[in-house]
Amino acid sequence: MTDLTRDAIQTRLQACTSKEATFKELVSLSKQLERLTDADKTEENRVKGCESAVWLIEHQDNGVCTFQADSDAKLMRGVLMVILSLVNGHSKAELQQRDLVAELSQFNLSSYLTSSRTNGVLSVLKKVQN
Amino acid sequence: MAFDANTLRAQFPILQLEANDHPLVYLDNAATTQKPQAVLDALMAYYTTSNANVHRGAHYLSDRATAQFEHARDRVARFINAADSNHVIWTKGTTEAINLVAYGLEWCLKPDDEILITSLEHHANLVPWQQLAFRTGARLRVLPLTSKGEWEPEYERYFNDHTRIFACTQISNAIGVKTPIKEMLAAAKAVKAFTLVDGAQAVAHYPVDVQDLDCDFYVFSGHKMYGPTGIGVLYGKPHALEVLTPVQTGGEMVRHVTYNSTEFNVLPYRLEAGTPNIEGVIGMTAACDFLANQDRTAMIEWEQKLARYVYDELKFNTSIEIYSPATDTTVVSLSVPGIHTLDLNGYLDSQGVAVRAGSHCAHPLMAQLGVSSTLRASFACYNTLSEARRFCDVLIEAIEILGDD
Ligand SMILES: Cc1ncc(COP(=O)(O)O)c(C=O)c1O
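Chains as they are written, first to last, in our numbering: chain A, 104 to 233; chain B, -1 to 403.
Bear in mind the hints are in silico, worked out from the structure with no lab data behind them.
Everything numeric in this text was worked out from a predicted model, so none of it was measured.
Yeah, the Cβ is synthetic: ideal placement off N, Cα and C, and Gly gets one too.
Careful: at least some of the hints might be erroneous.
Derived CB-CB ranges, DEER-like [to be verified]: (1) B/H361 / A/Q199: 29 to 39 angstroms; (2) B/E181 / A/T120: 49 to 59 angstroms; (3) A/G192 / B/S384: 44 to 54 angstroms; (4) B/N258 / A/Q199: 28 to 38 angstroms; (5) B/R76 / A/N233: 34 to 44 angstroms; (6) A/Q199 / B/Y257: 49 to 59 angstroms; (7) B/E398 / A/E161: 30 to 40 angstroms; (8) B/N51 / A/S213: 37 to 47 angstroms; (9) A/E161 / B/A184: 57 to 67 angstroms; (10) A/D110 / B/D19: 19 to 29 angstroms; (11) A/T145 / B/F314: 38 to 48 angstroms; (12) A/S213 / B/L383: 27 to 37 angstroms; (13) A/D141 / B/R76: 57 to 67 angstroms.
Far from chain B, some chain A residues (derived; all Cβ distances over 10 angstroms) [as the list claims (entries may be wrong)]: (14) N148; (15) Q171; (16) I186; (17) L207; (18) N211.
Turn these sequences into a full structure, and let the hints guide you.
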């Protein structure tokens, strides 16, 4: 669903030295997120506990998980791009063993992940691991 | 007394900060105001010269602390023109004050009784009443006010023989509109309902006169009027405070205790169980003095002028919807259809501009407006015209950056 690898995204975000640069990078990342159709934005696919509306869909193929995600907020879509680059193409068992919060914290996003938005991101990560 | 925001700013150390490499532009004053040096000094002075528990007496520091504590009660009583300082109960804020009333009046409700609020309430003046209704079988009714705070004659029917309690905000926190509080209070009194006014958004801006309002209860928070966090006020008429069942019991609020019985203390202590927030209370003296030292008329005119400036700058921008009134407000609440308010907020924050994006603890009002959230810029006395201009400029930039697909 995306050509951007985790490493490429990490390099881009780590190069940001101001909040404005991070903001613009997230907006730019958000444009590469494949959007969900309205039909997929169901209550069931909705991730609870996010300030913006967030949906997450999981597909499994031969034990390999692929996720699709969307939000009505751009910054959140940028963050979802980061999360998908971390979690797509792995098995459930592997995802459950990883410390995704710690991995995400290496992306220089701390100020975007604080406060109430953290809870939203945590809910996404929890849903990925469930 | 001349009013000059730039001079006033010097009293607020925090306003010198930079935020995200830009000068801080603090426009989230409806959430909480910053504190003048005099309030900070009062807190420090309390701990360096007077710290002791109050009302337990018998030594030098305790006498000092108690004197300052009770002086603050007098000061706040004068600030809201209460007839007597015993009508002022300390709470930790507006929310606790409303809950004290909602629990304290539970005894007087039965099924078929009605609790009336308006459609402009903060959750703090909605959920406690809704839960009270659930507990007692009473009905929660909502008087529909328009987003312009308009009051229609037909609303009189909401006040009827079943109305036991009427609770209403003086100013909406989400959109900054004033409610027709006096007309509504008159209608509530005509049916002999208890009346509570949520003054959380009023105290920092308008002189308050609880005797003129003639409500049974008036509640507000210190932190929204340049005072400390964690301190608030429940004002009540004596007969109204007298009939409140104490929700919290324990030390300080009692006169005599045996294993079989407790004799409660007199007001105001009866409703103030436990060691109070002494530093917060003492800080309230400084906050009231700070406001009293200003030319209040010039101050509110200035705050309204800033909101009006933003309103006028943005009103012809076709991508922006404004929910606040054009005049008589210190708030501009808006949305940009197609762009999430959290994204706008993210860009404003990256430029050092602090506003609030969200539902402002008013989900039903957001539904009435047909949005899930708004972006709210709220002004205080220390804000400047160049800050108002900066908010507009950065907002327009944000729309350009975010609105390209
Ligand atoms: C109108 C109104 N009522 C009640 C509250 C709750 O105040 P506090 O959180 O200080 O208890 C607020 C605060 O946002 C408010 O604006």
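Okay, the hints, checked on the actual structure:
1. The hinted range of 29 to 39 angstroms is satisfied by B/H361 and A/Q199, whose Cβ atoms lie roughly 35 angstroms apart.
2. Remark: the range hint 49 to 59 angstroms for B/E181 to A/T120 is upheld by a beta-carbon distance near 56 angstroms.
3. The given range of 44 to 54 angstroms is respected by A/G192 and B/S384, whose C-beta atoms sit roughly 51 angstroms from each other.
4. For B/N258 and A/Q199, the Cβ-Cβ distance of about 57 angstroms falls outside the hinted range of 28 to 38 angstroms, so the restraint is violated.
5. Remark: the range hint 34 to 44 angstroms for B/R76 to A/N233 is contradicted by a beta-carbon distance near 58 angstroms.
6. At roughly 55 angstroms, the beta carbons of A/Q199 and B/Y257 sit within the given window of 49 to 59 angstroms.
7. Taking 30 to 40 angstroms as the suggested C-beta distance range, the pair B/E398 and A/E161 conforms, at roughly 36 angstroms.
8. At roughly 41 angstroms, the beta carbons of B/N51 and A/S213 sit within the given window of 37 to 47 angstroms.
9. Separation of A/E161 from B/A184 is about 59 angstroms and conforms to the stated range, judged on CB atoms against 57 to 67 angstroms.
10. For A/D110 and B/D19, the Cβ-Cβ distance of about 28 angstroms falls inside the hinted range of 19 to 29 angstroms, so the restraint holds.
11. Between A/T145 and B/F314 the beta carbon distance is about 39 angstroms. The supplied range of 38 to 48 angstroms therefore holds.
12. Separation of A/S213 from B/L383 is about 34 angstroms and conforms to the stated range, judged on CB atoms against 27 to 37 angstroms.
13. At about 59 angstroms, the beta-carbon gap between A/D141 and B/R76 stays in the expected band of 57 to 67 angstroms.
14. Chain B leaves A/N148 outside its interface by the beta-carbon criterion, the shortest separation being 18 angstroms against a cut-off of 10 angstroms.
15. For A/Q171, the condition that its CB be more than 10 angstroms from all CB atoms of chain B holds, with the nearest at approximately 19 angstroms.
16. At the 10 angstroms boundary, the C-beta of A/I186 stays outside the reach of chain B, the nearest C-beta of that chain being 17 angstroms off.
17. For A/L207, the condition that its CB be more than 10 angstroms from all CB atoms of chain B holds, with the nearest at approximately 17 angstroms.
18. Every beta carbon of chain B lies more than 10 angstroms from that of A/N211, the smallest distance being close to 14 angstroms; the non-interface claim holds.
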